[in-house]
Amino acid sequence: MRDADAAPGPLLVETEGLTKHYAAGEGTVAALAGVDVAIPPGAFVAAMGPSGSGKSTFLNLIGCLDRPTGGSYRLMGEEVARLSPDRLAEIRSRRLGFVFQSFNLLPRADALANVELPMIYRGVRRRQRRERAAAMLAAVGLGERLHHRPNQLSGGQQQRVAIARALVNGPDLLLADEPTGALDTRTGLEIMALFQALNRSGVAILMVTHDAEVARFAARVLRFRDGRLVGDRAQVPADAAAALAALPAAPAEAA
Amino acid sequence: MSPPLREAGTRPLAPAAGLPPLPAGRGGMDLAEALASALSALAANTLRAVLTALGIFIGVAAVIATVAVGAGARQQVMQQIESLGANLLVIWPGTVRQGAVRLGAGARPSLTWDDAQGVVEEVPSIVAASANIRQGLQVIAGNQNWATTIQGADPDVFVVHDWVIEEGRPFTAEEARAGRKVAVLGATVAEMLFPYENPVGARIRIAATPFEVIGVLGRKGQNAQGMDQDDVVMIPFWTARRSVMGAGRVWSRSVNFVSLKVAEGEDMRAAEEEVRALIRQRHRLAPNEPDDFNLRNMSDVAATRDASSRTLSMLLASVAAVSLLVGGIGVMNIMLVSVTERTREIGLRLAVGARRRDILAQFLIEAVVLALLGGAAGVVAGIGLSHLLGAAAGWPVLIQWDAVALAVAVSALTGLFFGFWPARRAARLDPIAALRHD
Ligand SMILES: Nc1ncnc2c1ncn2[C@@H]1O[C@H](COP(=O)(O)OP(=O)(O)O)[C@@H](O)[C@H]1O
Ligand SMILES: [Mg+2]
Numbered sequence: 001m002r003d004a005d006a007a008p009g010p011l012l013v014e015t016e017g018l019t020k021h022y023a024a025g026e027g028t029v030a031a032l033a034g035v036d037v038a039i040p041p042g043a044f045v046a047a048m049g050p051s052g053s054g055k056s057t058f059l060n061l062i063g064c065l066d067r068p069t070g071g072s073y074r075l076m077g078e079e080v081a082r083l084s085p086d087r088l089a090e091i092r093s094r095r096l097g098f099v100f101q102s103f104n105l106l107p108r109a110d111a112l113a114n115v116e117l118p119m120i121y122r123g124v125r126r127r128q129r130r131e132r133a134a135a136m137l138a139a140v141g142l143g144e145r146l147h148h149r150p151n152q153l154s155g156g157q158q159q160r161v162a163i164a165r166a167l168v169n170g171p172d173l174l175l176a177d178e179p180t181g182a183l184d185t186r187t188g189l190e191i192m193a194l195f196q197a198l199n200r201s202g203v204a205i206l207m208v209t210h211d212a213e214v215a216r217f218a219a220r221v222l223r224f225r226d227g228r229l230v231g232d233r234a235q236v237p238a239d240a241a242a243a244l245a246a247l248p249a250a251p252a253e254a255a
Numbered sequence: 001m002s003p004p005l006r007e008a009g010t011r012p013l014a015p016a017a018g019l020p021p022l023p024a025g026r027g028g029m030d031l032a033e034a035l036a037s038a039l040s041a042l043a044a045n046t047l048r049a050v051l052t053a054l055g056i057f058i059g060v061a062a063v064i065a066t067v068a069v070g071a072g073a074r075q076q077v078m079q080q081i082e083s084l085g086a087n088l089l090v091i092w093p094g095t096v097r098q099g100a101v102r103l104g105a106g107a108r109p110s111l112t113w114d115d116a117q118g119v120v121e122e123v124p125s126i127v128a129a130s131a132n133i134r135q136g137l138q139v140i141a142g143n144q145n146w147a148t149t150i151q152g153a154d155p156d157v158f159v160v161h162d163w164v165i166e167e168g169r170p171f172t173a174e175e176a177r178a179g180r181k182v183a184v185l186g187a188t189v190a191e192m193l194f195p196y197e198n199p200v201g202a203r204i205r206i207a208a209t210p211f212e213v214i215g216v217l218g219r220k221g222q223n224a225q226g227m228d229q230d231d232v233v234m235i236p237f238w239t240a241r242r243s244v245m246g247a248g249r250v251w252s253r254s255v256n257f258v259s260l261k262v263a264e265g266e267d268m269r270a271a272e273e274e275v276r277a278l279i280r281q282r283h284r285l286a287p288n289e290p291d292d293f294n295l296r297n298m299s300d301v302a303a304t305r306d307a308s309s310r311t312l313s314m315l316l317a318s319v320a321a322v323s324l325l326v327g328g329i330g331v332m333n334i335m336l337v338s339v340t341e342r343t344r345e346i347g348l349r350l351a352v353g354a355r356r357r358d359i360l361a362q363f364l365i366e367a368v369v370l371a372l373l374g375g376a377a378g379v380v381a382g383i384g385l386s387h388l389l390g391a392a393a394g395w396p397v398l399i400q401w402d403a404v405a406l407a408v409a410v411s412a413l414t415g416l417f418f419g420f421w422p423a424r425r426a427a428r429l430d431p432i433a434a435l436r437h438d
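Residue numbers (the numbering used here), protein chains in the order written: chain A, 1 to 255; chain B, 1 to 438.
Honestly, I wouldn't trust all of these hints.
As the list claims (entries may be wrong) - Some chain B residues judged to face chain A by a derived CB distance under 8 Å, without partners named: (1) Glu33; (2) Ala44; (3) Arg48; (4) Val50; (5) Ile329; (6) Leu350; (7) Ala351; (8) Gly353; (9) Arg356; (10) Asp358; (11) Ala361; (12) Pro431; (13) Leu435.
What the hints contain is simulated information worked out from the structure, not anything from laboratory work.
Don't be surprised by glycine CBs; every beta carbon is placed ideally from N, CA and C.
The whole structure should be built from the sequences, with the hints applied where relevant.
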């Protein structure tokens, strides 16, 4: 199945018959039972579906955190389904960025050090790392909080640090599993506004959510059920910045 | 709301916007950064790190202290051997038995002055001999008096033991033959009786008999039994027998011991057998009779003592090895705990691009740093302990720097060896499972 709005040129993500089986007791359970999907560069895709429908499994496979049991997966034209763990690490390092529901920041490291982390594994010198990490934190609105540790930041701020970390190596695709799941409505909207801004600047986004309110900010929605893709629909995304402005006045985020 | 959101669309968030490009290659942390990161990880749980390093700390401290004390003791033994004289054989009387019956009074003495003379005359490899008698007596000089050991000896005694005369001269064969009352003082006696003046030429009395001091011996220090070898007054053998230790045995020819010097380059064992054969012949011992005297090669005694100190060292080394093993297991245990605790961190590092070998290196470095910190503290404590032990027991202490280097290297290897399995476990974690871990 191809998107109507697919841009010409190589696809960012292209899967055929993607499956993932997990051992469960005596037999196996098919977390993903044959998914064909094509995502062009610069897309903003939401993956929806009930709990256990295989959304996270799909995201992890696309994010090269895991290898499929069967099927093929081409990332920017390169077949990556059977690569070794270290080759996958290299692809994660160069092409992909991750944002998690629970932020996953290193608790003992300050914001700057957290954002520097992905660059360490690309051999970026310390000085350049600092500069780049500081610039990236400034870009997500945390230029004043470089040396705050995670426990000194609000949830929304922590997620911004995580987003800066995901972006700092210049990925082609940002992967987010329930990025607003641990945030209140306003903060969630702020993160969605940030995602939309990012997406406009050219970063493709694949976001897992079970929340329709969140999914409406994406330009395309994939629906999963029982490990299968049961819906794939383009939509006109709602404007998160506008939705945020329309919220009744609320106390500003803690300084 | 944050400024970048308003600027959306102007590409402020473009990954490389306005920034120097990322290098094309890839790599991990450099060593300095890895060390700093390991230290900060350990500092996050200081008490645990300290307790873990304790095993290695104790092992290394024990190695260094025992090696230092052992080396000091060995050096002391060597000095004592030297103070006895090189190539030294010593004979002393054994129990005189005939069959199972001990001989009564008036039986022939088991070792005599003439045996000493006979040996030096008839055994070519013996270059000097001295018969010796010893007795504890009071020595008086002016208003000072001192209880010491009087040793009657032949003039060659100074040659036999390689003893140095610090002041004056030794007694001559002439003086010995004439039974002159001349004395050579040990350094301690000289110090006690003549704290302020040169004793040479002074008069002393030994058991009420006046003597002239003609020399002072160089200092020899303690012997292996901890006795002061300088607390002695040397006088000619027959002077001692006739004028000092008489008491009814003025004509006795028996001696306490005979010391013999074997010629340089001669085989000690062969010389020993020749001496044994001669004394047996002089004592008219039948072939089936046991020796009625004891004969010892002093360098054998030294070798035995050296061997036993080596055995002790081996024992201590195995104690150290055991504590290093225990320390290593402690490191492994704590690294396993640390890997489990930091599973999510590992998952995150993998997600942002760490390869397995990056994770492996991270945890290995941490284990090695932990072990090395224990080792380094152990070196400091070991050196301190050596000096403390030395000062307390009055032993010399020789810090063996090669042992220190070895101990440090072994503690690093311990960290590497015992850190490997936990590090490998960390490196092989599945990224997703690790990220979900809680
Ligand atoms: N590591 C695993 N081992 C066994 N079963 C798993 C594992 N991960 C996921 N599953 C199963 O696969 C199915 C899909 O899971 P998941 O992709 O996490 O769903 P979703 O994110 O849509 O809630 C579920 O039935 C889940 O129990
Ligand atoms: Mg999920």
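> With a cut-off of 8 Å, does the beta carbon of B/Glu33 approach a beta carbon of chain A closely enough for the hint to hold?
Replying inline: holds (7 Å)
> Does the CB of B/Pro431 sit less than 8 Å away from some CB of chain A?
Replying inline: holds (5 Å)
> Hey, does the B/Ile329 contact hint survive, CB to chain A under 8 Å?
Replying inline: violated (27 Å)
>> Hint B/Leu435 vs chain A: min CB-CB distance below 8 Å?
In response: Holds. Min distance 7 Å.
>> B/Val50 was flagged as interface toward chain A. Is the shortest Cβ-Cβ separation under 8 Å?
In response: violated (18 Å)
>> A closest beta-carbon separation below 8 Å is what the hint needs, so does B/Arg48 meet it against chain A?
In response: violated (15 Å)
> Is the shortest C-beta separation between B/Gly353 and chain A less than 8 Å?
Replying inline: holds (3 Å)
> Are B/Ala361 and chain A close enough, Cβ to Cβ, to be under 8 Å, as the hint says?
Replying inline: violated (11 Å)
> Taking the least C-beta to C-beta distance, is B/Ala44 closer than 8 Å to chain A?
Replying inline: Because about 6 Å separates B/Ala44 from the closest Cβ in chain A, which is inside the 8 Å limit, the hint holds.
>> So, as I understand it, the hint says B/Leu350 touches chain A; can you test that by seeing if any CB pair is closer than 8 Å?
In response: With a minimum Cβ separation of about 7 Å from chain A (threshold 8 Å), the hint on B/Leu350 holds.
> Given B/Arg356 was flagged as interface, is its beta-carbon under 8 Å from a beta-carbon of chain A?
Replying inline: holds (6 Å)
> For the hint on B/Asp358, does the least C-beta distance to chain A fall short of 8 Å?
Replying inline: Constraint on B/Asp358 satisfied, holds at 6 Å.
Hints 3, 4, 5, 11 from the earlier list are contradicted by this structure; the remaining hints agree with it.
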